[in-house]
Amino acid sequence: MNGRAPAGEPKPVIPVVVWPGSNDDRDAVLALEQLGAVSRRVWHTDEELPRGTAAVVLPGGFSYGDYLRCGAIARFSPILRAVEAFAASGGLVLGICNGFQILTEAGLLPGALRPNESLSFVCRDVPLRVARSDTPFTSRCAEGQELTIPVKHGDGCWFANEAMLEELEEAEQVLLRYAAGANPNGAVADVAGVLNSDGNVFGLMPHPEHAVDPLLGSTDGAAILGSLVDAARLSLAARV
Amino acid sequence: MLVRPKPGILDPQGQAVESSLRHLGFDVGEARVGRLVDVDVATEDRDEALAQLERMCEQLLTNPLIESYEIALEHV
Chain A
207 MNGRAPAGEP KPVIPVVVWP GSNDDRDAVL ALEQLGAVSR RVWHTDEELP RGTAAVVLPG
267 GFSYGDYLRC GAIARFSPIL RAVEAFAASG GLVLGICNGF QILTEAGLLP GALRPNESLS
327 FVCRDVPLRV ARSDTPFTSR CAEGQELTIP VKHGDGCWFA NEAMLEELEE AEQVLLRYAA
387 GANPNGAVAD VAGVLNSDGN VFGLMPHPEH AVDPLLGSTD GAAILGSLVD AARLSLAARV
Chain B
3 MLVRPKPGIL DPQGQAVESS LRHLGFDVGE ARVGRLVDVD VATEDRDEAL AQLERMCEQL
63 LTNPLIESYE IALEHV
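Line by line, the protein sequences give chains A and B.
Be aware that the first sequence starts at 207, since it is given in this note's numbering, and climbs by one per residue.
Be aware that the second sequence starts at 3, since it is given in this note's numbering, and climbs by one per residue.
Some hints could be false.
[To be verified] Derived list of chain A stretches under chain B, where covered just means 3 residues or more per stretch with a C-beta under 8 Å from a C-beta of chain B:
#, stretch
1, 274-281
2, 314-326
3, 362-368
Since the hints were derived computationally from the structure, they do not count as laboratory data.
Quick reminder that beta carbons are idealized off the backbone N, C-alpha and C, glycines included.
Just chain A, same shape as in the assembly (with noise of 0.2 Å):
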């Protein structure tokens, strides 16, 4: 397993959020471990997040079955006002597919995500291009680099209108875009993942969690999560 926490240095707590419908929180909360973060499942009835939280992932899934539209309702879940509290100080927060969904739907991430183009589920690995390497979410990549992480995903065609779209790409808040010919879903320019403007908050539609282990093919995912893991780490010894 590449980058575990050298020993001896103070492990980040790094909650996972459990709606009903949530799938892969099982899957985030061991990768995150792996990568040397102190993780565990909590509830999204819980009104506040765990002592020492550093940084907080909302898992994929399908909460509250998908109903009105991906993550309508978990949004007003009690969690989500101690994520959104949480993000406001500059919290790190990172939602996966139904968690990115989740986050657009609050209003913490730009864009809305629409049923696939294809109308059809997509579940294969895809190639992603990273954008940047400057962000907590993507310090381990290289600028540019490739990435190989599987989609899984019935709604997952990102969507913002040209003004919105255009002030994102000034911004440079577009982090993950799926490679050129490889766009699963119909995402307007490709995006797989943005980034907000305060550069603490990032969703993704692929499952990092997904690709931290070789015996599963590839161990991409790891460079996003282990990311998530220093940023966290640092931000641990900041505090201190």
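On the provided structure of chain A, position chain B as indicated by the hints.
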């Protein structure tokens, strides 16, 4: 409350419906698929009902970036 994908938003469901209708021999233009939400509101006051339904649309039933809505009131 009638929720629709805004003009210009890709609507693959609408496209699938459109192509099926054409297959059946209907000479149709663009088809768009939205969502109908029926709600009983416990007030006799028309303006109050309308205000409540509008808030429901704004807060939960639509995502303003991609959807628009229309409200129709019916007295029961």
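Outcome of the hint check:
1. Only when three residues or more bring their CB closer than 8 Å to a CB of chain B does the claim for the stretch 274-281 of chain A stand; here the count is 4, and the claim holds.
2. Chain B is given as covering the stretch 314-326 of chain A, and this holds because 8 residues of the stretch bring a CB closer than 8 Å to a CB of that chain, at least three being needed.
3. With a cut-off of 8 Å between beta carbons, the stretch 362-368 of chain A has 4 residues touching chain B; three or more are needed, and the interface restraint holds.
Violated hints are absent here; each numbered hint is respected by the structure.
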